[in-house]
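This note's numbering puts the sequence shown at residues 58 to 735.
Misleading hints may appear alongside valid ones.
[Unchecked claim] Here are the computed lysine-lysine pairs in the DSS-like style, where the Cα-Cα straight-line distance is at most 25 Å:
1) Lys215 to Lys252
2) Lys565 to Lys534
3) Lys252 to Lys202
4) Lys640 to Lys614
5) Lys614 to Lys565
6) Lys310 to Lys245
7) Lys335 to Lys398
8) Lys421 to Lys335
9) Lys252 to Lys312
10) Lys310 to Lys362
11) Lys640 to Lys625
12) Lys385 to Lys235
13) Lys217 to Lys167
14) Lys363 to Lys219
15) Lys219 to Lys245
16) Lys378 to Lys335
17) Lys202 to Lys385
18) Lys219 to Lys167
19) Lys235 to Lys245
20) Lys252 to Lys235
21) Lys638 to Lys618
22) Lys378 to Lys421
23) Lys312 to Lys385
24) Lys245 to Lys217
25) Lys235 to Lys219
[Claimed, not checked] Here are the in silico distance ranges between beta carbons for each label pair:
26) Thr243 to Ser307: 13 to 21 Å
27) Ala262 to Glu530: 54 to 62 Å
28) Met399 to Arg306: 42 to 50 Å
29) Arg101 to Val248: 42 to 50 Å
30) Thr366 to Arg306: 25 to 33 Å
I should point out that these hints are in silico values taken from the structure, not numbers from a laboratory.
Think of the CB as a built atom: it goes at the ideal place given N, C-alpha and C, for glycine as much as any other residue.
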Amino acid sequence: GGRGVADPLSPAGLPCAFSPLNQAYFALASADGQLRVWETANNRLHQEYVPSAHLSGTCTCLAWAPARLQAKESPQRKKRKSEAIETSNQIDLLAIGTAVGSILLYSTVKGELHSKLISGGHDNKVNCIQWHQDNGCLYSCSDDKYIVEWNTQTCKVKCKWKGDNSSVSSLCISPDGKMLLSAGRTIKLWVLETKEIYRHFTGHATPVSTLIFTTIRPPNEIQPFDGITGLYFLSGAVHDRLLNVWQVRSENKEKNAVMSFTVTDEPVYIDLTLSENKEEPVKLAVVCRDGQVHLFEHILNGYCKKPLTSNCTIQIATPGKGKKSTPKPIPILAAGFCSDKMSLLLVYGNWFQPVIERVALNSKESHMCLVRDISNCWAPKVETAVTKVRTPVVNSEAKVLVPGVPGHHAAIKPAPPQIEEVESKRKLGENEISIEERLGALDIDTKKEKDDLPQTNSFPVLLTQGLESNDFEMLNKVLQTRNLNLIKRTVLRMPLHAVIPLLQELTKRLQGHPNSAVLMVQWLKCVLTVHASYLSTLPDLVPQLGTLYQLMESRVKTFQKLSHLHGKLILLITQVTASEKTKGMTCPAQKAKLVYEEESSEEESDDEIAEKDSDDNWDEDEEEKESEKDEDVDEENEEEEEDVEEKDEENGEEDRDVASEKELNGDSDLDPENESEE
Numbered sequence: 058g059g060r061g062v063a064d065p066l067s068p069a070g071l072p073c074a075f076s077p078l079n080q081a082y083f084a085l086a087s088a089d090g091q092l093r094v095w096e097t098a099n100n101r102l103h104q105e106y107v108p109s110a111h112l113s114g115t116c117t118c119l120a121w122a123p124a125r126l127q128a129k130e131s132p133q134r135k136k137r138k139s140e141a142i143e144t145s146n147q148i149d150l151l152a153i154g155t156a157v158g159s160i161l162l163y164s165t166v167k168g169e170l171h172s173k174l175i176s177g178g179h180d181n182k183v184n185c186i187q188w189h190q191d192n193g194c195l196y197s198c199s200d201d202k203y204i205v206e207w208n209t210q211t212c213k214v215k216c217k218w219k220g221d222n223s224s225v226s227s228l229c230i231s232p233d234g235k236m237l238l239s240a241g242r243t244i245k246l247w248v249l250e251t252k253e254i255y256r257h258f259t260g261h262a263t264p265v266s267t268l269i270f271t272t273i274r275p276p277n278e279i280q281p282f283d284g285i286t287g288l289y290f291l292s293g294a295v296h297d298r299l300l301n302v303w304q305v306r307s308e309n310k311e312k313n314a315v316m317s318f319t320v321t322d323e324p325v326y327i328d329l330t331l332s333e334n335k336e337e338p339v340k341l342a343v344v345c346r347d348g349q350v351h352l353f354e355h356i357l358n359g360y361c362k363k364p365l366t367s368n369c370t371i372q373i374a375t376p377g378k379g380k381k382s383t384p385k386p387i388p389i390l391a392a393g394f395c396s397d398k399m400s401l402l403l404v405y406g407n408w409f410q411p412v413i414e415r416v417a418l419n420s421k422e423s424h425m426c427l428v429r430d431i432s433n434c435w436a437p438k439v440e441t442a443v444t445k446v447r448t449p450v451v452n453s454e455a456k457v458l459v460p461g462v463p464g465h466h467a468a469i470k471p472a473p474p475q476i477e478e479v480e481s482k483r484k485l486g487e488n489e490i491s492i493e494e495r496l497g498a499l500d501i502d503t504k505k506e507k508d509d510l511p512q513t514n515s516f517p518v519l520l521t522q523g524l525e526s527n528d529f530e531m532l533n534k535v536l537q538t539r540n541l542n543l544i545k546r547t548v549l550r551m552p553l554h555a556v557i558p559l560l561q562e563l564t565k566r567l568q569g570h571p572n573s574a575v576l577m578v579q580w581l582k583c584v585l586t587v588h589a590s591y592l593s594t595l596p597d598l599v600p601q602l603g604t605l606y607q608l609m610e611s612r613v614k615t616f617q618k619l620s621h622l623h624g625k626l627i628l629l630i631t632q633v634t635a636s637e638k639t640k641g642m643t644c645p646a647q648k649a650k651l652v653y654e655e656e657s658s659e660e661e662s663d664d665e666i667a668e669k670d671s672d673d674n675w676d677e678d679e680e681e682k683e684s685e686k687d688e689d690v691d692e693e694n695e696e697e698e699e700d701v702e703e704k705d706e707e708n709g710e711e712d713r714d715v716a717s718e719k720e721l722n723g724d725s726d727l728d729p730e731n732e733s734e735e
């Protein structure tokens, strides 16, 4: 079926794009399914859009409608008034392809969905969308092997044809608008009018993630120009550190690349300045998965055997404050040339709160390292009608009003007294107490007071708000709780639309520190058991949970080996202690005057005792372990236990009959025993 999120051959990076008119906006679809549009000039969040729950396909590609659409009126006929208005509105449209095959047209001016392209289109992940420069058509390609031509006014399919024998991953329209490049692994050039293949190119060994034309005119103007022959285009592919340049030539010429550019890692985002005449070099900015940008400048004229290396590399790092801290690299997420072709817009930092900065290109240096401090950029600067959530810093004297279930009044209660003890602990010389300890303190308090129900009621509310606004502290407050009943009640009361975002947040946190992972496993278990029926109704569950599956598999993989090792070690240790005991025994006088052949000798019986001893010990130890696991002690430092729970977890996911933990633990305990019998 559909390639999941965790598919190794899906492109790295997230779908993002600069708007066509002087890059005023930068659209970014984050992994949590939200579309955010940032203003590039002042780094403000311009808009945030969350596709509604029934279209819960995550965004897989983005494309802004071209700026030329509203400027050019087509000369064929006078347009009716309504039509002219339609096209002029198209300037602000952003096409969003989803994992389920639908395409949404989002209006950034209105801040809402403009229309949906669903019927008759794709039935699998949309990989690439291209707008036609002139006629307002939209072209899309998908894992379902088809290319679709859409009429964006009527939202209907104009034409649909099979583009490849496997998924089609990338598209590009020729400068004159009459041809279309498409690629899976091999690259094809189609005549748009007849949908026939005009040329083939060998392509890459992995799915092609980028196709862009690099020239508008052919290098030699000897023959009359037919609009395509002699043009160069560029292709980049997943896991491929070479970008290839191809030239469209006459039928019988070879179909291989004419030159290539080499970069340090898989390309994530590529932008270039078009070469408009044969003297003008093409400028290329390639953002790699390792967070660097490579700049190339090259006049395209014919064949070049050796891969070209970059003229300049740009990296960004944090300032190394103090003696101990070392500068850390800050990943660059995207880069686009400004209209003057002399400066570059860099987007860097994290996906939730990227920093956008204009950098003048200094052609002399071969390496630029920009030092930037982004530690204070975590708080989102939202200045639109997006829910504004602020989490206040609580001091111990303040009274806290806790939000209850809407319509109920929450009890007013003073801040928990335990925090003061923790505060004093901080004064005693520990630099910083962890959020976990602080929340642990909060939690002791909730157990003491019986009338504390409003607090638990507010947890689902806090959780939902935290997920919607990506509020790190608020999510921590909820997710760091150790109270299993509280976790259960929160999961039971949370709204369904928050289930997938919560699972994604948990997946993210599971990859972190083992200590926090222990807590996340409890949440995960609860969500998957309580909301199993809802999850099983989602059409795109597999891609949504892909990363989680992979995570679990990799964690559980080592578990069996660990159990075996555990068994062997116990066996060794018991034998060592037993042999030490026998050494301690006083031996009878060495020289025997008479030896009776019928009975067993002294030493032999000694050995038997030792063996018995070790066996008994072994069993005792084993029982102890079993009882310990059955009690389900929540010990953070016991990694095996965490693993057992994860195994339990995975079972619960795969067959939905969540086997009782005891049985599973029993199974895992059998491993070391078998080992000993062998």
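Item checked: Restraint status (C-alpha distance of Lys235 to Lys245 at most 25 Å) -> 14 Å, holds
Check: Taken at face value, is the distance from the CA of Lys312 to the CA of Lys252 at most 25 Å?
Finding: 20 Å, holds
Next item on the list: Starting from the range 42 to 50 Å, see whether the pair Met399 and Arg306 falls in it by beta-carbon distance.
Entry: Between Met399 and Arg306, where Cβ atoms are some 33 Å apart, the hint is violated.
Check: If you draw a straight line from the CA of Lys310 to the CA of Lys245, is it 25 Å or shorter?
Finding: Holds, because 15 Å separates the two Cα atoms, which is no more than 25 Å.
Notebook entry, point to check: Keeping to a limit of 25 Å between CA atoms, is the pair of Lys312 and Lys385 held or broken?
Noted result: 43 Å, violated
Check: Does the structure keep Lys235 and Lys219 at a Cα separation of 25 Å or less?
Finding: Roughly 18 Å separates the two Cα atoms, so the pair holds.
Next item on the list: Given the hint of 25 to 33 Å, check if Thr366 and Arg306 actually sit that far apart at their C-beta atoms.
Entry: Holds, since Thr366 and Arg306 (Cβ atoms, about 26 Å apart) stay within the stated range.
Margin query: For Lys252 and Lys202, compute the direct alpha-carbon distance and say whether it is at most 25 Å.
Written below: 15 Å, holds
Check: Is the Cα-Cα distance between Lys217 and Lys167 25 Å or less?
Finding: This hinted pair is violated, its Cα atoms lying about 30 Å apart.
Checklist line | Lys614 paired with Lys565 [C-alpha distance capped at 25 Å] | finding: 19 Å, holds
Check: Does the structure keep Lys378 and Lys335 at a Cα separation of 25 Å or less?
Finding: 49 Å, violated
Note to self: Checking one constraint from the list: CA of Lys252 to CA of Lys235, max 25 Å. Satisfied?
What the structure shows: 10 Å, holds
The structure is inconsistent with the numbered hints 4, 12, 13, 14, 16, 17, 18, 21, 22, 23, 27, 28, although it conforms to all the rest.
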